[in-house]
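With chain H held as given, fit chain B onto it using these hints.
There are 2 protein chains.
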Amino acid sequence: MTTTDETQAGGAGTARSAGRPRSAKAEKAIIDATLDMIGEGMGLFELSIEAIAARAGVGKTTIYRRWCNKEDLFVDAVATLKSPFPPPTGGSVRDDLIACMRVFQRDANDARSRCVMSIAMNEAERHPRLVERVSQAAIEPRKAVVTALLRRGMATGELRPDLDVALAMSSLVGTVMWYTRSQGEAASAPDLAERVVDHLLAGIGT
Amino acid sequence: MTTTDETQAGGAGTARSAGRPRSAKAEKAIIDATLDMIGEGMGLFELSIEAIAARAGVGKTTIYRRWCNKEDLFVDAVATLKSPFPPPTGGSVRDDLIACMRVFQRDANDARSRCVMSIAMNEAERHPRLVERVSQAAIEPRKAVVTALLRRGMATGELRPDLDVALAMSSLVGTVMWYTRSQGEAASAPDLAERVVDHLLAGIGT
Numbered sequence: 007m008t009t010t011d012e013t014q015a016g017g018a019g020t021a022r023s024a025g026r027p028r029s030a031k032a033e034k035a036i037i038d039a040t041l042d043m044i045g046e047g048m049g050l051f052e053l054s055i056e057a058i059a060a061r062a063g064v065g066k067t068t069i070y071r072r073w074c075n076k077e078d079l080f081v082d083a084v085a086t087l088k089s090p091f092p093p094p095t096g097g098s099v100r101d102d103l104i105a106c107m108r109v110f111q112r113d114a115n116d117a118r119s120r121c122v123m124s125i126a127m128n129e130a131e132r133h134p135r136l137v138e139r140v141s142q143a144a145i146e147p148r149k150a151v152v153t154a155l156l157r158r159g160m161a162t163g164e165l166r167p168d169l170d171v172a173l174a175m176s177s178l179v180g181t182v183m184w185y186t187r188s189q190g191e192a193a194s195a196p197d198l199a200e201r202v203v204d205h206l207l208a209g210i211g212t
Numbered sequence: 007m008t009t010t011d012e013t014q015a016g017g018a019g020t021a022r023s024a025g026r027p028r029s030a031k032a033e034k035a036i037i038d039a040t041l042d043m044i045g046e047g048m049g050l051f052e053l054s055i056e057a058i059a060a061r062a063g064v065g066k067t068t069i070y071r072r073w074c075n076k077e078d079l080f081v082d083a084v085a086t087l088k089s090p091f092p093p094p095t096g097g098s099v100r101d102d103l104i105a106c107m108r109v110f111q112r113d114a115n116d117a118r119s120r121c122v123m124s125i126a127m128n129e130a131e132r133h134p135r136l137v138e139r140v141s142q143a144a145i146e147p148r149k150a151v152v153t154a155l156l157r158r159g160m161a162t163g164e165l166r167p168d169l170d171v172a173l174a175m176s177s178l179v180g181t182v183m184w185y186t187r188s189q190g191e192a193a194s195a196p197d198l199a200e201r202v203v204d205h206l207l208a209g210i211g212t
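Top to bottom, those sequences are chains H and B. Residue numbers for the first sequence follow my numbering, so the first one is 7 and each next one is one higher. Residue numbers for the second sequence follow my numbering, so the first one is 7 and each next one is one higher.
The following block holds chain H by itself, in its conformation from the complex:
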């Protein structure tokens, strides 16, 4: 059996080398077990390496060979969760915003993503350093894409020149999040992203 030492690419910034070929399978099982337990509502600090190992069907040593501690594992697991945002098309800002909102809608309908967001939002005071890492891995890159889109719209004249960017960002994300959580089956409507963007573009006033 040969031992390779390839560097991991992608969002798994703190993961160590995947090691032997069969280790990739174990790694996937560990990440999946972590996300499944989060998705079942387990809090950040209830998660234990022991429970994750049992769920993944591996020994604790197999986990510690890759991650120094459960915080590192958690951040890597979260990073694998987020679908990538589509690249801007260069067409209208409306179309690009809709494409982003489709990704948000998909995430908002996924129990594991929902629970991660919930942890990131609610644990900031108790565990600022860990939440900051999750934010850097999973939230900030998306904020940057939407902010760039909003600024592009202000420059092209598609959006109001006096737009409050932070508020516009909150209304785009917040509307999708709240709607998907409160509207049951309607949360999966294929035209939701389009409706949200057009609703915010036009405003509710007369």
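Bear in mind the hints are in silico, worked out from the structure with no lab data behind them. From a predicted model like this one, the values you see are computed outputs, not experimental measurements. Please note that the accuracy of each hint is not assured.
If several chains are the same, the list does not tell them apart, and a pair holds so long as it fits within one copy or across any two.
Unchecked claim - The calculated SDA-like cross-link candidates involving lysine to any residue, where the alpha carbons are at most 25 Å apart (straight line), are: (1) LYS76 to MET48; (2) LYS149 to ALA117; (3) LYS88 to ASP42; (4) LYS149 to THR212.
Leaving out everything else, chain B in the frame of chain H:
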């Protein structure tokens, strides 16, 4: 010592009589302990009557004298948490919406309210009956107020006649929730409610 048997008023629908005068103090301690533990991030089913009793400095029997089980206690605790919505002024729909958003902002900045909302949003699949009770006690009455305001605005011509009420509700609540959770100190800005309502009334497009 006299024994009174007054019926509890207000949101504490399932609370039994407060009994002797000093019981009111114990009841408050029990409710506070429950809310504090929720606000510290404790999940619904980690909460135990034993731990609540210890935190409140009362015996378990004192709790069981008032509530049959922790679910009843939880629902009563949540019901005490929500500030009442201001009654409609009969002025503009804009002003009434702003008054409601001020209450939402205050709640969104309160760790205990945030954690309750998080529980209500994330536990729906695992614990549908309990979440339904929380929703009836704390969420539905507010939804009804905002829905009535939006419909009034459609009738008076202040809001678009073709308004998607569910979407408008989600954008009002979702914007405040998301902004307060992502913007740090700006979340406490005294003019936030006004800015959110005007932002949504006018829309972000040109």
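Going through the hints against the structure:
Taking the closest pair of Cα atoms, LYS76 and MET48 come within 25 Å of each other both inside a single copy (14 Å) and across two copies (19 Å). For the homomeric pair LYS149 and ALA117, the shortest alpha-carbon distances inside one copy (21 Å) and between copies (24 Å) are both at most 25 Å. Within a single copy, LYS88 and ASP42 get their C-alpha atoms as close as 14 Å, which meets the 25 Å cut-off; across copies the closest is 32 Å, which misses it. Proximity of LYS149 to THR212 under the C-alpha cut-off of 25 Å is restricted to the inter-copy arrangement: shortest distance 22 Å between copies versus 30 Å within a copy.
Hint check: no violations occur; every hint is consistent with the structure.
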